[in-house]
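Asks: Since each chain comes alone in its own frame, lean on the hints to assemble the complex.
For the record, the sequence lines run as chains C and R.
Numbers 1280 to 1435, taken from this note's numbering, label the letters of the first sequence in order.
Numbers 123 to 454, taken from this note's numbering, label the letters of the second sequence in order.
One or more hints might be untrue.
Cβ-Cβ distance ranges computed for the label pairs, FRET-style [unchecked claim]:
id : chain 1 : residue 1 : chain 2 : residue 2 : range
1  : C       : D1310     : R       : L336      : 29 to 35 Å
2  : R       : S255      : C       : G1361     : 45 to 51 Å
3  : R       : S255      : C       : H1294     : 33 to 39 Å
4  : R       : T314      : C       : E1352     : 37 to 43 Å
The set of hints was computed from the structure by calculation and includes no laboratory data.
A virtual CB, placed ideally from N, CA and C, is assigned to each residue, including glycine.
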Amino acid sequence: MYKKTVLLKINNEEHIISTYPNRTLLEILRDDLCLTGTKESCGEGICGACTVLLDGLPVRSCILLVTEVEGKEITTIEGLSGGEKLDPLQEAFIEYHAIQCGFCSPGMILTAYSLLKSNPNPDEEEIRHAISGNICRCTGYAKIVEAVKAMSEKGS
Amino acid sequence: MRLPPFKVLEPGTKKSALLTLDKHNKNLKIVAGGTEVVVMMKLGLSAPLYLMSLKKIKVLRGIRKTKNEVIIKSSTSINEILQSPLINKNFKSITQAAKLLAAPPIQNRATIGGNILQDTRCLYYNQSEFFRSGLKPCFKVGGDICHAVKGGKRCFSVYQGDMVPSLISFGSKIKLEKKDSSRTVLLSDLFTGKGENPFSIQPNELLTEIVIPLHNCNYGSSYEKLRIRKGLEYPLVSAAVFLSENTDGNLDNVRIVIGAAASGPKIIENASIYLKRKNSSDEDVDEIANISDNLSEMVNNLSVSAAYRRKMVQVVTKRSLQNAFQDLNKGG
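So that you can see chain R by itself, here it is in the shape it has in the complex (with noise of 0.2 Å):
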C-alpha cells in the first residue's frame, strides 16, 4: 500500500505550527506518531493536502507537576508515559491503559494526543478503498446509509481510545490552541457522541496539554478492557473508575466511564447515588453494571457481536470497579 502524494510541513515552532494550521485548516493533517494517520492515509481514508509534522516542536513533549496538576504535553508517547514514575505514582488506571494500549512498538510512537483524537472506528469504513468500492457511502463518508445498522438514521461508529475513559476518570482538561487564542475544556466536552464527527475541535485548534488534577485524599483507579487477544486490540468495550472517600471513610467521588460502547465515552453520572459506601452491596454494583448497559449504544459494527459487547460491558465495569475498590483499600 503506498500513500498518496502531499507536501509535509515541519515548523520548529509551536507558533508557526498555529500559524501553518490557521493558513491551511482543512488541508491539514498531523502527524506526530503516525500510527493513526498514515493507516488512514494508506486506506484512502484520508487525503490531506499538507501533512504537518510536530517533531520539531520539544515543547510540545514531556510530563510535569504544578502544585495541583500533572501536565501531559500532548506529544508525549505511550510509552513516556508508561515510564513515567509520576504518572505511575498518581494514576494507576492511566497507566493500565497505556499499558494495554495496542503493542510496544505502537506505544514507542503512538502519542497521547494522537490517540484521544483517533477517528470513530466501524467493520464498514476501517477497510481498504477496494472493499469500500463494493458499498454505498455511508454517513461517515457523507453518505446517507448506514451499513451496520439496516435504515439506520445516523453513523453508529464506535470511539476506541484506550487513554481517554481513564484520563476523564480523574477529571481531566485539554487545553487547544489556535492563532490568537486558546481554551481549556474538560476532556468529556470534548466529544460530541456522533459518528460522522466525533469532536468538538476546530480544525485550526491544536491539542496541546492534558491537565490531570491531582487529589489530596485517598482514592483508588482501575481500567479494564475487553479484547479478542492479549495485544494490538482496541478495546471492544472498556471501563475506567475512579473512586475517593472522604475523612469519614465514606465514597465521595464516583466517576465511571465506559469506552467502546458508543461513539463517544459514555459517563455515569450519578454512580455515587449507588455507591456511598466503600463496603458497597453486590446489588449496588449489579445496579452500575445495569446502568452502562443502558447507556450503551453497540451494533454490531466490530468484530464481535453487539449481544457480546452488551453482555461485557456489565461484566468489565463489574470488574473495574472492583479493582478500584481493592485500589482504595490498599491506599491509592
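The shape of chain C in the complex, shown without the other chains (with noise of 0.2 Å):
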C-alpha cells in the first residue's frame, strides 16, 4: 500500500495531506487535523455523529474514504462559527436545551444547517425527515426540533 497525496479543503482552508489510501475523511480530521469536533460512534453509518458538509450536503465521515473527497467542499463544526462566536443555529440549541450530552450535536447542528440553507421554512415533518440519520439518546428529539424550528421562523 502506498500514501497518496490529497488536496483537502475543510472549512475554506487548503491542506495537503499525505495518507494511506485506507484512511476515512473522519480518521483524517480527527487525528491528523485536530479537528475533533466531529465525533466517532458507530463507525458503520449509522448513528449520524461523524456527519460533516460535503459540498454543503451532510454525509457520514466515518464511511467516506479520504481519496474520495478531494477537491471538495467539507464543513466540519469548526467551520460554522467564527471563531469564539457561534452561528446563530448554535445559539439557538443552546437556548431550547437541545444539547445535553452533546456528543451527537455537531453532525445534529450540520445536518439542520444543510436544510435551512436548503428549505428556510421547514414544517415538523420536514425538520424530523432530515434529521432521521442523527441518533440522539438524551433529548427525545423535541428540543432539537423546537431549536430548528426556532431558526426557521426568524428567517435565518
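Replies: The structure is reproduced here in C-alpha cells:
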C-alpha cells in the first residue's frame, strides 16, 4: 500500500495531506487535523455523530474514504462558527436546551444547517425527516426540533 | 474500526475502468458512494486487494430521457434521483423508495448501482469479526452450516435493497458492460435467488445503466416498506406495485414485487389473473396478499421474527395495492 497526496478543502482552508488510502475522512479530521468536533461513535455510518457537510450536503465521514473527497468543500462544526462567535443555529440549540450530553450535537447541527440552507422554512415533518439519520439518546428530539423550528421562524 | 490495506485505483474513463476490472477481476471491489463497501470492509466481510473508485467517470452519472425510456446512470446518487422531476413525474414508486432509503446523509452518497448490488444480509453475517469469530463459518462465507435455520441446507440471507422492487415493477432493464462487450438484461434476471451468491453478474462486468420504460397509458404505482423506526432502516419486508389500465378501463398490467422476503425479490407473476378490474373485490386483494405470503422464504435472521414478517408481508402488499389503485384513479 502506497501513500497518496490529497488536497482537502476544509472550512475554507486548503490542506495537503499525505496519507494511506485506507483512511476515512473522519480519521484525517480528528487524528491529523485535530478537528475533534466531529465525533466517532458507531463507525458504520449508522448513528450520524460523524456527520460533516460535503459540498453543503450532510454525509457520514466515518465511511467516506479520504481519497473520495479530494477537491470538494468540506465543512465541519468548527467551520460553522467564526472563531468564538457561534452560528445563530448553535445559539438556538443552546437557547432551546437542544443539547444534553452534546455528542450528537455537531452532526445534528450540521444536518439542520444544511436543511435550513436548502429549505429556510421547514415544517416539523421536514425537520424530523432531515434529522432522521442523526441519533440522539438524550433529548428525545423534541428540543432539537424546537430549536430548528425557531431558526426557520426567525428566517435564518 | 480501521480499514484493511488496499490499493486505490482511479480510472478517468469508463473504458479504462472496464480494463482495470478485467485485469484485477475478483481481487477488486468498486467504490461509488461507499456506503456499503466501506462498511463491509470495516466489518472484515470484504478485503479486496484493489479498490476502484468511479468518482472521475462523469459518464456514469446522470438521468436522461429518450423517446421511450428514462436512463439512470449507475453512479447517480439516491438524492439526485429524489430531486429529479423526470423520475418524480413518471415513476412515483421509485421516488417513494428513494425517500424511504436509509436517511438523507446516506442518500447523498449512496448510488443506485450500489443499492441494486448490495449484498444479502443476515443477523449472523452482518456482524463484527469478533462476533463472527464465535460462530462456525456459515454458507454465506463458504461454510456448511446455517445459524438462522438449524439443519438448514442453504443460505437464507435476505436481499434488502430498497430500489429494486419498484424498478422491477416498472419493467426496468440494466446494462452490464465489460472489456469487449455489453449486455442488457431484465433487472429481475440479475437475481439468482441464492443467498450465497445473489447476483448473476461476472466479476469483470460493470453495471452502467438502469433503463426504465416509459408508459403511455394510465397507470399507478406504489412502494411500501416495513421498518421499526422511520429512518436508517433496511426494509424488513417491502412491496412495490405497478398497475396500468387499457382504454376500456380494465387492468391490463399488474406487477407486484415483494422485497426483503427472500434472497432476491419475489415477483407475483400471475397477479393480473386476480386483479382484472379497477374495482377489484377485497377477496381478490386478499388472494394477492396470500400469494405474497406463500412466495416468502422468511426465517429468523433479521431484527424481527419471521412470524411477524410473514404477517406483515400481507399487510404491506395490501397497503401498496390500495395506494397504487389510488394513484391509478388519480391518473398516475
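Asks: Now, for every hint given, state plainly whether the structure supports it.
Replies: How the hints compare with the structure:
no.: 1; hint: C:D1310 - R:L336: 29 to 35 Å; result: 50 Å, violated
no.: 2; hint: R:S255 - C:G1361: 45 to 51 Å; result: 49 Å, holds
no.: 3; hint: R:S255 - C:H1294: 33 to 39 Å; result: 38 Å, holds
no.: 4; hint: R:T314 - C:E1352: 37 to 43 Å; result: 42 Å, holds
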